[in-house]
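Now for the letters of each chain:
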Amino acid sequence: MAAGRGWLAAAALGLALGGCAFLTSTTPSEPGAGPAPGPAPVARDPLAARHRQQAEALQRDGQLRRAAEEWKIALAIAPADAQARESLRALRARIDQAVAEHLDEGRKALARGVHVEARRKFLAALALDPSNRAAFDALQSDTREVEFIAHTVRAGDTLSALAQRYYGDRSRGEVIWETNQLPPNPRLAPGTTLKIPEIPGVPFVHPEARRPAPVVAAIPTPDVPRPGPTPAPATPPTKEEFTSEINPLLVEAREALERSDYPDAIETVDKFLSGKPGDREGLTLKKQALYGQAKSQMDARQYPESIQSLTQLARLQPDYEDAPSLLRQARTRIIEQHYTQGVRFYREEKLKEAIAEWRVVLEMDPGNANARRNIDQAERLLRGLEQRMKK
Amino acid sequence: MTTRRVRGSGLLMSAAALWLAACATASAPGPGPAPAAAPARPQPRPAAYQSEDFIVTFAQPGDTPETLAERYLGGADKGWMIEDYTGLRAFAPGQEVVIPRRPWNPAGVTPGGYQIVPILTYHNLGERARGRLVLAAPSFREQMRYLKTNGYRVVSLADFVEFARLDRQLPQRAVVLTFDDGYRAFKDHAYPVLKELGFTATLFIYTDWVGAGRGALSWADLRELAAAGMDIQAHSKTHGDLRRAQGETEAQYARRMQVELEQPQEIFNRHLGRRRPILAYPYGRWEEGLLPKLKEYGYVAAFSVRRQGNASFVRPLAGHRSQIYSEMTLDDFAKNLNVFQEENLR
Numbered sequence: 001m002a003a004g005r006g007w008l009a010a011a012a013l014g015l016a017l018g019g020c021a022f023l024t025s026t027t028p029s030e031p032g033a034g035p036a037p038g039p040a041p042v043a044r045d046p047l048a049a050r051h052r053q054q055a056e057a058l059q060r061d062g063q064l065r066r067a068a069e070e071w072k073i074a075l076a077i078a079p080a081d082a083q084a085r086e087s088l089r090a091l092r093a094r095i096d097q098a099v100a101e102h103l104d105e106g107r108k109a110l111a112r113g114v115h116v117e118a119r120r121k122f123l124a125a126l127a128l129d130p131s132n133r134a135a136f137d138a139l140q141s142d143t144r145e146v147e148f149i150a151h152t153v154r155a156g157d158t159l160s161a162l163a164q165r166y167y168g169d170r171s172r173g174e175v176i177w178e179t180n181q182l183p184p185n186p187r188l189a190p191g192t193t194l195k196i197p198e199i200p201g202v203p204f205v206h207p208e209a210r211r212p213a214p215v216v217a218a219i220p221t222p223d224v225p226r227p228g229p230t231p232a233p234a235t236p237p238t239k240e241e242f243t244s245e246i247n248p249l250l251v252e253a254r255e256a257l258e259r260s261d262y263p264d265a266i267e268t269v270d271k272f273l274s275g276k277p278g279d280r281e282g283l284t285l286k287k288q289a290l291y292g293q294a295k296s297q298m299d300a301r302q303y304p305e306s307i308q309s310l311t312q313l314a315r316l317q318p319d320y321e322d323a324p325s326l327l328r329q330a331r332t333r334i335i336e337q338h339y340t341q342g343v344r345f346y347r348e349e350k351l352k353e354a355i356a357e358w359r360v361v362l363e364m365d366p367g368n369a370n371a372r373r374n375i376d377q378a379e380r381l382l383r384g385l386e387q388r389m390k391k
Numbered sequence: 001m002t003t004r005r006v007r008g009s010g011l012l013m014s015a016a017a018l019w020l021a022a023c024a025t026a027s028a029p030g031p032g033p034a035p036a037a038a039p040a041r042p043q044p045r046p047a048a049y050q051s052e053d054f055i056v057t058f059a060q061p062g063d064t065p066e067t068l069a070e071r072y073l074g075g076a077d078k079g080w081m082i083e084d085y086t087g088l089r090a091f092a093p094g095q096e097v098v099i100p101r102r103p104w105n106p107a108g109v110t111p112g113g114y115q116i117v118p119i120l121t122y123h124n125l126g127e128r129a130r131g132r133l134v135l136a137a138p139s140f141r142e143q144m145r146y147l148k149t150n151g152y153r154v155v156s157l158a159d160f161v162e163f164a165r166l167d168r169q170l171p172q173r174a175v176v177l178t179f180d181d182g183y184r185a186f187k188d189h190a191y192p193v194l195k196e197l198g199f200t201a202t203l204f205i206y207t208d209w210v211g212a213g214r215g216a217l218s219w220a221d222l223r224e225l226a227a228a229g230m231d232i233q234a235h236s237k238t239h240g241d242l243r244r245a246q247g248e249t250e251a252q253y254a255r256r257m258q259v260e261l262e263q264p265q266e267i268f269n270r271h272l273g274r275r276r277p278i279l280a281y282p283y284g285r286w287e288e289g290l291l292p293k294l295k296e297y298g299y300v301a302a303f304s305v306r307r308q309g310n311a312s313f314v315r316p317l318a319g320h321r322s323q324i325y326s327e328m329t330l331d332d333f334a335k336n337l338n339v340f341q342e343e344n345l346r
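One line per chain: the protein sequences are A and B, in this order.
Residue 318 in the numbering used here sits at position 318 of the first sequence, with consecutive numbering throughout.
Residue 38 in the numbering used here sits at position 38 of the second sequence, with consecutive numbering throughout.
Wrong hints could be hidden among the right ones.
[Said to hold, decoys possible] Pairs of lysine-lysine residues, derived as BS3-like cross-links and limited to a Cα-Cα distance of at most 27 Å, are as follows: (1) A:Lys271 / B:Lys187; (2) B:Lys335 / A:Lys195; (3) A:Lys350 / A:Lys287; (4) A:Lys390 / A:Lys352; (5) A:Lys276 / B:Lys295; (6) A:Lys295 / A:Lys352; (7) B:Lys335 / B:Lys148; (8) A:Lys287 / A:Lys271; (9) A:Lys350 / A:Lys390; (10) A:Lys72 / B:Lys78; (11) B:Lys293 / A:Lys276.
Bear in mind the hints are in silico, worked out from the structure with no lab data behind them.
Note that this is a predicted model, so its numbers are computed, not measured.
When you get a sec, could you build the whole thing from the sequences and use the hints?
Laid out in structure tokens, this is it:
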């Protein structure tokens, strides 16, 4: 009895192993039927049959790769299905043949320099065989061109508006900017031609966009109403920013400029310029900062400081905006300041101090007759006073 | 199915229980619906059929791509393979599930078009938005949640580089995150969100900036972030335009590129250890003449800021990234997440 039990237990364990082996084997036969379960009557397996049918349908529809996968799935369920195996083999041969043809046509197109066609052929090869290294390499290394639309610029065109029109996304103006190698913040000259490239994943908005641009003015764009909760206000075209990525020190300087912290802006941009002397963007920013600083100093009646800023600015660009006139104004204000200070001292009978102030006026403005007259008068008075003191 | 044989034997019962337990992780005697055209003699259905390419199994109650991947593909992180192959996120109990065991489409090309991978570029973050490149932290959080809830899968840039060598299939909705320059705000505002959502990112650092700028990360920060799984890569040494300048001689250019391309790697080696060099072009600017220099210093990939996604067959040294600006609405952000180019390739 005990021996019988032991035998039974062993059988159960064997069964257990067999059970686990399902994972790596075929359909099991009846449990415990024998030590080596033979292949099941797979042809009648409805699960495999479904995949076989799918494979055939896909094959008829020309979806060869998906069909091959379905054959493989059917064979995973019913590995002994010789008919499926043969179908898969034949299909693979057909796929290999088609891939070879696409590759061949692609290479020929490349040789003719027709990159658009070559690209399509190599892609078609990969669609059939997505691990085909020859097609992949040819596509990656040898095939260059993307399709684009030629757009003739009309008055009022901006990159953002063109991007909105062709892609339904204003921010793609950057791609048009880069494709056409435009300068930062470009002004589009009417009559020039821009390439509007095909952007993978971003379908052209208008089907007619593939035709030459229509005669109707492109702006404003009436299409693509945006029901978003916070519709962005249409940015005025002049404010287009196409400066690509930027240096963080420049960003810090620009931010300081935006919050009117001119000393900080100047210090930061100087740090940037020490690493890149003569950088145009840096210099532009520095001029903006010096100019802003000079103006704010004028407003605060800090005329000497303002003159300092303006003098620095003049060294970078003598005719910057209205800087020359600002400089004249600042000088005039300083002269006025010294002049009135002189008058104030004079009234307080501080003649020497008054004369000193007017001398400064004369230094800055040698032709200032009032100052000269006042000095003469003050000196006369001073002499009179001194003589009286001696008596 | 074994009850008839083992009835009456406690020992055998426990052996059977042991078997069930042993197999429970690998297979499931699922109570799936009987096949429509059942054979006359009912056959037990195995938990799974398996070949070297596919596993065909049946979902258990509560199964997701992740639980099935855990059971059959050796890790929940492979859940995307099941999701992408079946096109399903959830399964009815007993439902047949086909699980691919190997990459089935490394190039991401199908007769209906091809996969493209968006690589997003961020710069600075702050409590509130400032200028174009300082994104408000709440907006960033909102964008990352958007990725999560919409089924995007954030993959590493290194994985993308393998994809661009035909060496790795990526999830259909793969997205890469990158952060330029190395702002301290990354640590304060971005990293906590990434960590919470299980996302990874690449930081493109320009080495002169580290520890120098007021808002810059330090080497200690970078070591910490690298240890936490963030990828640190080069954005040149001085953030200079890497194109050859007018009037620059061959020798001058070679020297300048040595500084801009090699020195960051030497500095990384010293502070963070070796890496497979990847570059973000300063200002996004590059030209053909620069590419041999990149190869000379071992760079395997480099990226501009051209606003478009990347097919697998993009030239690895001419990759694209899309900059996310602070003024973008969630709608604008989502426009940068296209993952497929439709094109009839039959």
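### Query
Of the numbered hints stated previously, which ones are contradicted by the structure, given in increasing order?
3, 6
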